[in-house]
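Colleague: Assemble chain B onto chain A, guided by the hints.
Protein chains: 2
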Amino acid sequence: MKKVGVAILGLGVVGGGAYSILSSHRDFYMKAHGLDITVEAVLELKRERALSLGIEERKIASSIEEICSNPEVDIVIESMGGVEPARSFSLAVMSAGKSVVTSNKELYCKYGYELEKAAKHNHVGLFYEATCAGGVPVVRALLDNLEGNRITSFIGIINGTTNYILTKMTNEGKSYKEVLAEAQRLGYAEADPETDVEGYDAAYKLSILSSLCFHTKIPFADIHREGITKISSADILCGKRLGYVIKLLAIGKDGEKGIEVRVHPAFIRTAHPLASVGDSYNAVYITGDSVEDVMLYGRGAGALPTGSAIVGDVIYCATHPQHRYSPFENTENASPATKFVTNFESAYYLRLVAEDRAGELSKITAILGKYGISVAQVIQGPAAGGAQAGKADLVVITHVTREENVNKAVSAINRDLQTEVASVIRVVE
Amino acid sequence: MKKVGVAILGLGVVGGGAYSILSSHRDFYMKAHGLDITVEAVLELKRERALSLGIEERKIASSIEEICSNPEVDIVIESMGGVEPARSFSLAVMSAGKSVVTSNKELYCKYGYELEKAAKHNHVGLFYEATCAGGVPVVRALLDNLEGNRITSFIGIINGTTNYILTKMTNEGKSYKEVLAEAQRLGYAEADPETDVEGYDAAYKLSILSSLCFHTKIPFADIHREGITKISSADILCGKRLGYVIKLLAIGKDGEKGIEVRVHPAFIRTAHPLASVGDSYNAVYITGDSVEDVMLYGRGAGALPTGSAIVGDVIYCATHPQHRYSPFENTENASPATKFVTNFESAYYLRLVAEDRAGELSKITAILGKYGISVAQVIQGPAAGGAQAGKADLVVITHVTREENVNKAVSAINRDLQTEVASVIRVVE
Chain A
1 MKKVGVAILG
11 LGVVGGGAYS
21 ILSSHRDFYM
31 KAHGLDITVE
41 AVLELKRERA
51 LSLGIEERKI
61 ASSIEEICSN
71 PEVDIVIESM
81 GGVEPARSFS
91 LAVMSAGKSV
101 VTSNKELYCK
111 YGYELEKAAK
121 HNHVGLFYEA
131 TCAGGVPVVR
141 ALLDNLEGNR
151 ITSFIGIING
161 TTNYILTKMT
171 NEGKSYKEVL
181 AEAQRLGYAE
191 ADPETDVEGY
201 DAAYKLSILS
211 SLCFHTKIPF
221 ADIHREGITK
231 ISSADILCGK
241 RLGYVIKLLA
251 IGKDGEKGIE
261 VRVHPAFIRT
271 AHPLASVGDS
281 YNAVYITGDS
291 VEDVMLYGRG
301 AGALPTGSAI
311 VGDVIYCATH
321 PQHRYSPFEN
331 TENASPATKF
341 VTNFESAYYL
351 RLVAEDRAGE
361 LSKITAILGK
371 YGISVAQVIQ
381 GPAAGGAQAG
391 KADLVVITHV
401 TREENVNKAV
411 SAINRDLQTE
421 VASVIRVVE
Chain B
1 MKKVGVAILG
11 LGVVGGGAYS
21 ILSSHRDFYM
31 KAHGLDITVE
41 AVLELKRERA
51 LSLGIEERKI
61 ASSIEEICSN
71 PEVDIVIESM
81 GGVEPARSFS
91 LAVMSAGKSV
101 VTSNKELYCK
111 YGYELEKAAK
121 HNHVGLFYEA
131 TCAGGVPVVR
141 ALLDNLEGNR
151 ITSFIGIING
161 TTNYILTKMT
171 NEGKSYKEVL
181 AEAQRLGYAE
191 ADPETDVEGY
201 DAAYKLSILS
211 SLCFHTKIPF
221 ADIHREGITK
231 ISSADILCGK
241 RLGYVIKLLA
251 IGKDGEKGIE
261 VRVHPAFIRT
271 AHPLASVGDS
281 YNAVYITGDS
291 VEDVMLYGRG
301 AGALPTGSAI
311 VGDVIYCATH
321 PQHRYSPFEN
331 TENASPATKF
341 VTNFESAYYL
351 RLVAEDRAGE
361 LSKITAILGK
371 YGISVAQVIQ
381 GPAAGGAQAG
391 KADLVVITHV
401 TREENVNKAV
411 SAINRDLQTE
421 VASVIRVVE
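Residue numbers (this note's numbering), protein chains in the order written: chain A, 1 to 429; chain B, 1 to 429.
Okay, chain A solo, but in the shape it has when bound (with noise of 0.2 Å):
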C-alpha cells in the first residue's frame, strides 16, 4: 500500500473540507485506489478551528518550516487564499521537495508562472483544479480533453456569489442591496463582497481558464472587468419580458482580430443552457472547432465540492508520479504576439428613462443609426419596468455592434435629449 502524506495550509472553508473527506474517506482511498492517505501536517493559526476537527495536537506545525522539513508529507494543499503568505509557503514547500495542490485563484492567476516554474526546478507536481469553480472539472478538461481543439468561445458563470445574488434577484424581485445583506447573514457573501461582486474572483478564474483556452498566458490586467453592483431590479424585470435572464458571465474569445477577455453581467436568452445555472452552481459552456459545444456544470463553491476537486488532485498527484507543467509559456505578462481585442461587438440592451415619450423614440434612433447601430427590438411604456412617476421607459435591444459606437450614441443622447440612458447592459446571443 503506497502511503501518501499530506499537510494543509489554512483549514478555512475550502482547507477544512478537504480535511473531512481525506479523513472519512481513508478506507475507501485505499480500497480504491491502493493509497494510504493521511493528513500528516497542517498550519493554521488558529489553533482551535485545526481542534475542533479533531486534528491531533502534535500534527499543528508552528511554522512552515515545520512542514517544508517533516519527511512524512509528500503534498502539501495550499488553501490560505490571498498572495502573501501563500506565496512564499508553496515556493517553501516546492523547494522542499513537496508537490502542492491549491485552490487559491488569486495566487495562481497572479503567480501562477512563478509557481510552474519553482515546481519544474523541483520535479514537484503544481495542481490546481480546485482554482476554478470548485467542482466543476474544467481544468483539467481543457488540460487533457479539449486539447485537440481550437477553443473559439468560452462562456462561464464562475461566481457562484454573484450568480446567487442574480438568481435571488431574478426569482424574488428584491434589490441588489436586499439580497446581498441576505447573503452576508447566510455565509454566501463576505462581509466585505468587492472580490465577488466587482468580478475580481471571476477574472481571476478567467485569466487561470483562458489562458488554457488559448494556450498562451492571458493575464488577470488584461480582462475587462465590471461588477453586478448597478444591475437593478428594473433592468432584471425588463430583460425577463424580453426572454432574457442577467448573469455575470466571464467571457473568452479567440478570433481573428485576436484575443477578447471580459466580466461583465450580460443577458442570454433563457433557451441558453447557462441561462438555468441558478443560485451557487457555476457552469462553463465552451466552444471549440472539433467538439462542438461542451457544458460543465456543478457546484462552484463550497467545503465538500471544492474539497473534492483539492482531493482529486491529491490522488492524481500520488498515482502520476511524472508531473507536467504548463503546457504553454506560462509567464508574467501576455506574449508581445499576443493580440486583444478591447473594443468590443456585441447586441446590447438599453434602458432609457424619457422625459416626454411622444417623439423622444424617433430621435433615439436617429441618433442609434446616426452611430450605425441598429435596433432589434423595443418596448416602450410603464410596462418595460422602473420607470419614475411622470416618466417612461423605453428599452432597446440592438442588433451587434460595437462598444465605442454605443459608448458614443449612449453620450449623444444624455446630452442632446431629454432621455437619460438608465442602463447599458450587453447581450449575448
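Think of the hints as simulated: they come from the structure by calculation, not from any bench. Be aware that one or more of the hints could be misleading.
Identical chains share a label here; the pair holds if one copy fits it or two copies do between them.
[Said to hold, decoys possible] Simulated pairs of lysine to any residue, SDA-like, Cα-Cα distance not exceeding 20 Å:
hint, residue 1, residue 2
1, K2, H323
2, K31, H215
3, K31, L143
4, K2, Y325
A quick note: this is a predicted structure, and the numbers were derived from the prediction, not measured.
Modeller: Below, chain B alone, put in the same frame as chain A:
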C-alpha cells in the same frame, strides 16, 4: 519537436473525423503542444475511402502486420467498431509496443479486461475517452477528477440516436416508426438500428462508466436493458401534461443494498437539467458524496466531436509517457463481492385503457393498494391521450415502490379488471 506517428484502423465516421482533425491541426499542435503528430498509416478495406480523404497511397497498409512493424507508428487509433478483428488487431499492435486509443465501446466493454492486461504487460498506453458520449469528457472526469468521491448515482443520456428519436417524437408528436425512418434517411440511425434502439450501445457505455464510478467491474451482462421501441406518442403526450419528458436513461446507483445498473426509457421532470438535453446531445449527471451534483454535456456522436475525444487521448498519450491502467481490477466478470440490486425501486407511470371508466378507478387503486403501491397523481379521461374510441385512458403516477410489486399489480389488473395496462414506464424523480 517531438514526433508522434499515428496509425488509424478503420476510416468510418469516427476514424475519418480523427484523421481530418489531425491533418488540419498539425501546425497548431506543433505550436500549442510541441508535438509533430502525423498519420503514418491507415488500415481500411475500402481504399477509395482513404484516398478520398487525401491519404497518400503508400500510407494505406494492406495488413495489421504492416502497422505493427512500422517503426514510425507510436499510437494506433482503433475506430473499426465491433469485436473482431478490432480485438486481435488491438492486441497485436500493443504486443508490437504501440499504444492504443479506442472509440470502440463494444470492444472495451466486453474485452477491456484483456486489453488492459495486454497494455500493462507491454508497457503501452490504452485510452478510451471516445468510447463514451462522444465529445463529453466523462471518462477522464471519473478517472482523474471525481476519484475522491464515493459516486452514489450516475444518470446518463449516452445514446445520441435514441435521444434524437425521442426528442423528435416529443416535439413533433410523430410515432416511433415515422421518426426512425426519418433518422435513417438522415444518417442519424443505422439501417439496422437494433444496437441503438434496443439500448445495447447505451449499456456498453454504462458498463464502462459505471465500472469507473463504482471502482469495480460492472459487466454488460449485469445491466438491465430495455429499448425505446414500445414508446408511443400517447405516452409522451400524457407525460408532457404531467410535467415529464421521456429519455433513454443509463442509470447506475450504489447504495446500501448494492449496485443497480439499468438502461431503459424513463420519464424525468422537465425541470431536471437532463430534461433539456435534446437531439443527439449527450449528458451525464453524476452525484458524488463530496462534489454533490455535476453535469457534463455535449455532442454525443459525430465525426468531429468523437474525433476530438480521440485526438485528446492521442495528445495525452504523447505527453504522459508513464502509463496508468485500470484503477480497479478489470476482470471478465464482476467480483464475487459485488452485489447487484435487481428488484429496483422507482416511481412508475402507468397508462391504463379502461373499458368502462365509472368504478374502474377505485378497483384499480384497490389493486395497487393491495401491492403496497401508493398513487401520487392520476389523470383521467380522453385528455390523457391516445384512447381508442369508446375507451378511456387513465394515467397513474405512483410513489416510489418496488418493481416486482408493480409487475404483480399490472398482472392482476390485466387479469381481473375490464382494464388493460397499455404502458408501464419508470419515472425518475
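Colleague: Please go over all the hints and tell whether each is borne out by the structure.
Modeller: Comparing the hints with the structure gives:
Taking the shortest Cα distances, K2 and H323 sit within 20 Å of each other both inside one copy (18 Å) and across copies (17 Å). Within a single copy, K31 and H215 get their C-alpha atoms only as close as 37 Å, which misses the 20 Å cut-off; across copies the closest is 9 Å, which meets it. In this assembly of identical chains, K31 and L143 lie within 20 Å of each other by CA distance solely across copies; the values are 15 Å between and 28 Å within a copy. Taking the shortest alpha-carbon separations for K2 and Y325, only the inter-copy value of 16 Å comes in at or below 20 Å, while the best intra-copy value is 24 Å.
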